[in-house]
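K.L.:
Chains as they are written, first to last, in the numbering used here: chain G, 6 to 120; chain D, -12 to 98.
Incorrect hints may have been included.
30 Å max Cα-Cα, derived DSS-like pairs, lysine-lysine [what the hints assert, rightly or not]: (1) 19(G) to -11(D); (2) 54(D) to 43(D); (3) 46(G) to 25(G); (4) -11(D) to 69(G); (5) 19(G) to 69(G); (6) -11(D) to 60(G); (7) 29(D) to 69(G).
Simulated coverage check for chain G against chain D, where a stretch passes if three residues somewhere in it have a Cβ under 8 Å from a Cβ of chain D [unchecked claim]: (8) 66 to 80; (9) 106 to 112.
FYI, nobody ran anything at the bench for these hints, they're computed from the structure. Note that beta-carbon positions come from the ideal geometry of N, C-alpha and C, so glycine has one too.
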Amino acid sequence: GAVVSQHPSWVICKSGTSVKIECRSLDFQATTMFWYRQFPKQSLMLMATSNEGSKATYEQGVEKDKFLINHASLTLSTLTVTSAHPEDSSFYICSGRSPPMDEQFFGPGTRLTVL
Amino acid sequence: QKEVEQNSGPLSVPEGAIASLNCTYSDRGSQSFFWYRQYSGKSPELIMFIYSNGDKEDGRFTAQLNKASQYVSLLIRDSQPSDSATYLCAVRTGTASKLTFGTGTRLQVTL
């Protein structure tokens, strides 16, 4: 399958700071990228969908001003958690898709801990 | 009713047995069906996808789709301890870009 990378794999930050997570599709052009969050022992929760060059579409209940998503190229999307708080501590996972290819491939995830 | 439903398990099967994982979906317009495996602390990994009614085999895995009954299943033959993970069913409906995931079934393969 296609390869998606994420950086960093884990990050610890202080409350109130901002954290940027990068997601790259390494061997395909991800026209569409998705950002998920997963709390321990819970299911995946889709946060937003982004198409290259367009504004992201956020799921209900996800604050777009807090979770800034940029998808400026076909191989790179970034998620910035602004003014992070301990309740934002979670496992953040991106995935990419290149229509008409139907499969969606996940990155390895970024574990965020906010102190 | 949830859009994609899975039994949370755990489903426990002995090594070498067949594990059968089931998933039902509510939207008859669903067209693409995916199975992902997720190990604890890791991200989901695509195992198989299926579009047409019937069976699709890939190694020890077989996906089965029945659109009339709105269910999709995953069979794992000769189950190994390394198959112990959570299996996520995902569905794409129509031209929608995003996948709708079930909550996953945790599989335990015992020695």
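K.L.:
Decide, hint by hint, whether the structure agrees.
P.N.:
A quick look at each hint next to the structure:
no.: 1; hint: 19(G) to -11(D); verdict: violated (37 Å)
no.: 2; hint: 54(D) to 43(D); verdict: holds (14 Å)
no.: 3; hint: 46(G) to 25(G); verdict: holds (24 Å)
no.: 4; hint: -11(D) to 69(G); verdict: holds (25 Å)
no.: 5; hint: 19(G) to 69(G); verdict: holds (21 Å)
no.: 6; hint: -11(D) to 60(G); verdict: holds (28 Å)
no.: 7; hint: 29(D) to 69(G); verdict: holds (26 Å)
no.: 8; hint: 66 to 80; verdict: violated (count 0)
no.: 9; hint: 106 to 112; verdict: holds (count 6)
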